[in-house]
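Protein sequence lines, in the order shown, are assigned to chains A and W. The first sequence runs 27 to 372 under our numbering. The second sequence runs 3 to 333 under our numbering.
Hints were generated in silico from the structure; no laboratory data involved. Don't take every hint at face value.
As the list claims (entries may be wrong) - Chain A regions said to be covered by chain W (calculated; three or more residues, Cβ under 8 Å): (1) 70-81; (2) 136-150; (3) 177-191; (4) 216-222; (5) 346-357.
Cβ coordinates follow ideal geometry from the N, Cα and C atoms, glycine included.
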Amino acid sequence: MTSKTKTKTKTKTNTSPNKDDYLRMYTQMVRIRTFEDNANQLYLAGKMQGLTHMYSGEEAVAVGICEALTDNDRITSTHRGHGHCVAKGANYKQMFCELLGKQEGYCRGKGGSMHIADQSHGNLGANAIVGGSMGIATGSALRAKLLGQDDVTVCFFGDGATAQGLLYEVMNMAALWNLPVIYACENNGYSEYTKTEEIAAGSITARAEAFGIEAFSIDGQDVLGVNELSKKLVARCRNNEGPFFVELMTYRYHGHHVGDINREYYRSKKEEADWKENRDPIIRFRGWLVEQGIATEEEIEALNEQIKQDAKEAVAYAEAAAYPDVAEVDMHVYAETDPATLQAGH
Amino acid sequence: MREITLSQAVNEALAEEMRRDPTTFILGEDVAEAGTPFKVLSGLVEEFGTERVIDTPISEPGFVGLAVGAALTGARPIVDLMFGDFIYLVMDQLCNQAAKQQYMSGGKLSVPMVLRTNLGATRRSGAQHSQSLQVLVAHIPGLKVALPSSAYEAKGLMKTAIRDNNPVVIIEDKLMYQDKAPVPEEEYLIPFGEANIKREGSDITLIGTSSMVQVAEEAARILEAEGISAEVIDPRTIVPLDEDTLLKSVRKTSRAIVIDEGHQNYGITGEIASRLNEKAFYYLDAPVLRMGAMDVPVPFSPVLEDLTVPTPERVAENARRLCAGEMIHAA
Ligand SMILES: Cc1ncc(C[n+]2csc(CCOP(=O)(O)OP(=O)(O)O)c2C)c(N)n1
Chain A
27 MTSKTKTKTK
37 TKTNTSPNKD
47 DYLRMYTQMV
57 RIRTFEDNAN
67 QLYLAGKMQG
77 LTHMYSGEEA
87 VAVGICEALT
97 DNDRITSTHR
107 GHGHCVAKGA
117 NYKQMFCELL
127 GKQEGYCRGK
137 GGSMHIADQS
147 HGNLGANAIV
157 GGSMGIATGS
167 ALRAKLLGQD
177 DVTVCFFGDG
187 ATAQGLLYEV
197 MNMAALWNLP
207 VIYACENNGY
217 SEYTKTEEIA
227 AGSITARAEA
237 FGIEAFSIDG
247 QDVLGVNELS
257 KKLVARCRNN
267 EGPFFVELMT
277 YRYHGHHVGD
287 INREYYRSKK
297 EEADWKENRD
307 PIIRFRGWLV
317 EQGIATEEEI
327 EALNEQIKQD
337 AKEAVAYAEA
347 AAYPDVAEVD
357 MHVYAETDPA
367 TLQAGH
Chain W
3 MREITLSQAV
13 NEALAEEMRR
23 DPTTFILGED
33 VAEAGTPFKV
43 LSGLVEEFGT
53 ERVIDTPISE
63 PGFVGLAVGA
73 ALTGARPIVD
83 LMFGDFIYLV
93 MDQLCNQAAK
103 QQYMSGGKLS
113 VPMVLRTNLG
123 ATRRSGAQHS
133 QSLQVLVAHI
143 PGLKVALPSS
153 AYEAKGLMKT
163 AIRDNNPVVI
173 IEDKLMYQDK
183 APVPEEEYLI
193 PFGEANIKRE
203 GSDITLIGTS
213 SMVQVAEEAA
223 RILEAEGISA
233 EVIDPRTIVP
243 LDEDTLLKSV
253 RKTSRAIVID
263 EGHQNYGITG
273 EIASRLNEKA
283 FYYLDAPVLR
293 MGAMDVPVPF
303 SPVLEDLTVP
313 TPERVAENAR
323 RLCAGEMIHA
333 A
């Protein structure tokens with residue numbers, strides 16, 4: 027494969043995190059949780075329509091990984107995409123506007139919860155087709171290699187998505203061609219209303235290993251652990267050592283989607299309580315921050331309060347914001363092409 | 003007569019056929035204990051067990067392929083495809099494999115399987131969960147396609163689909179699962195290729211599919227108040243299509259509008275309109291009009307999404323103009 031252009035992206039140096047990094051990771055996790063709490067409320071209050079899937083409980087995965095990326099690095103996201111969107115740098119106002127179908131939303135109200143994305147930070151989009159973004163992520167990595175660009179693409183997907191054949195087709199090519207892509211499998215134990223062991227035969231990491239892809243299985247509730255591994259793998263991808271596969275053991279606190287309330291037939295309240303009380307990524311990291319003297323309880327409380335306030339303001343802003351003009355309905359079906367480039371000899 | 007929901011009607015049809023024929027089984031994502039996200043299959047696993055109501059991984063091409071193989075070799079699988087949008091994922095298995103076995107084998111092999119799935123926008127589900135893709139499968143010789151328009155239709159058509167020796171795609175409207183209609187207790191089947199005249203009329207024929215039958219009926223009520231008599235017809239199956247009933251009606255009324263929720267471009271409406279134009283040309287007082295969903299991916303924003311689907315008011319408006327002798331064109 028030839029390298030046509032060399033564009034160096036600004037890469038974070040591989041040093042250990044400092045106080046600012048720690049606090050930013052904490053902030054980002056709380057921002058995701060707070061976003062989801064508000065989205066849930068909007069839904070329950072009948073202000074938000076459609077289908078939506080909460081990311082609460084899985085914050086350390088998105089934040090640990092996205093903190094290892096620059097704006098030039100790309101991600102592809104899933105139907106459970108709010109967390110990835112926040113972690114990759116999106117702002118509250120435009121996100122809430124999108125959830126409510128308002129014109130100022132990231133997708134001008136056309137995408138909604140399941141298609142939300144802040145494109146300016148390298149988010150290639152939430153995807154409502156399970157497994158639908160695996161080709162996109164791998165293609166993005168192929169482009170990086172082809173054009174000699176040193177960005178990395180992270181493909182987020184769930185354990186349920188590992189049942190899709192597309193994953194095996196693209197992992198084969200990614201391994202054959204050494205592409206800078208990281209397959210990040212968020213194993214939250216469930217695929218909709220079914221336990222992972224009922225839908226996945228054998229080991230998930232072994233599947234990647236069958237293609238010669240180096241694979242890891244780690245605690246997805248430990249943001250520092252996730253971040254540390256991610257930084258290493260991102261650096262190795264930039265060094266042409268990709269692809270990689272990471273299985274992150276995590277848990278979703280809510281139902282599969284907001285309407286999934288009576289779920290005791292597939293998972294117990296006791297199990298949910300255990301994860302929330304004993305393995306919460308935010309409580310855990312907060313304890314560590316205080317213990318290490320990086321922040322006091324008061325500082326953390328103030329931070330949480332500030333985020334709550336930001337969310338409240340953004341929700342109010344989004345509620346008051348305008349819907350798209352009806353004329354937008356048939357805009358953006360096709361992209362425009364500069365007529366000049368269609369001239370022969372251009 | 004008792005009234006039940008479309009969801010219950012489908013559930014009953016499946017249960018009755020599974021009791022009747024031990025070679026039938028259901029295959030799909032979260033069909034067993036969860037009974038699908040729309041809860042249409044609730045309770046079936048209790049009666050038939052997980053051997054005949056089988057939860058699959060999220061592997062649509064895989065489990066549709068399995069159904070083709072099982073059908074080829076003596077079983078009668080019913081595949082549940084959670085959203086109609088996922089038809090795109092299973093096109094090879096459905097169109098290259100299932101649809102062609104009978105023909106390629108010179109009539110020696112058959113694939114008696116049912117693929118049940120859904121269509122319909124206006125649920126704010128975004129562009130990847132709102133499509134009405136009946137035209138994609140209707141285009142493929144070897145597949146039959148049924149579009150029930152009420153609980154009554156859903157039960158009778160489902161039972162016929164299961165007994166048919168061909169691959170049948172049956173597409174329900176997601177918005178109609180809770181709609182109730184009279185459904186007899188005693189067994190009945192609705193034959194394929196027999197349109198249903200929902201309402202008699204003399205000035206214009208409104209042909210609607212699936213939930214567009216309701217839209218057509220509502221339009222007919224609006225028109226009636228203005229002294230325009232509209233005949234409403236539900237073809238029930240678009241493959242096979244009951245051309246005779248449609249032609250007879252159009253020869254009587256001399257005007258027609260065809261309404262379907264698939265995109266208008268190259269759609270079901272174009273096919274039906276074209277057949278009427280070809281075969282009833284000398285009876286027509288106006289070109290047959292098509293009304294489909296707008297040719298845009300379905301937007302999320304409620305204010306935009308509602309614009310994309312035909313409404314009774316717009317159907318009535320077009321009918322009024324056609325009856326007044328205005329030359330109007332499909333948008
Ligand atoms: C191709 C496809 N099949 C089925 C669905 C319906 N569906 C949406 S999410 C989901 C479960 C996904 O499970 P997993 O990949 O583990 O992600 P999680 O929801 O646990 O984050 C299913 C079956 C879909 N959206 N797309």
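Hints and how they fare:
no., hint, result
1, 70-81, "holds (count 3)"
2, 136-150, "holds (count 6)"
3, 177-191, "holds (count 5)"
4, 216-222, "holds (count 4)"
5, 346-357, "holds (count 6)"
Of the numbered hints listed earlier, not one is contradicted by the structure.
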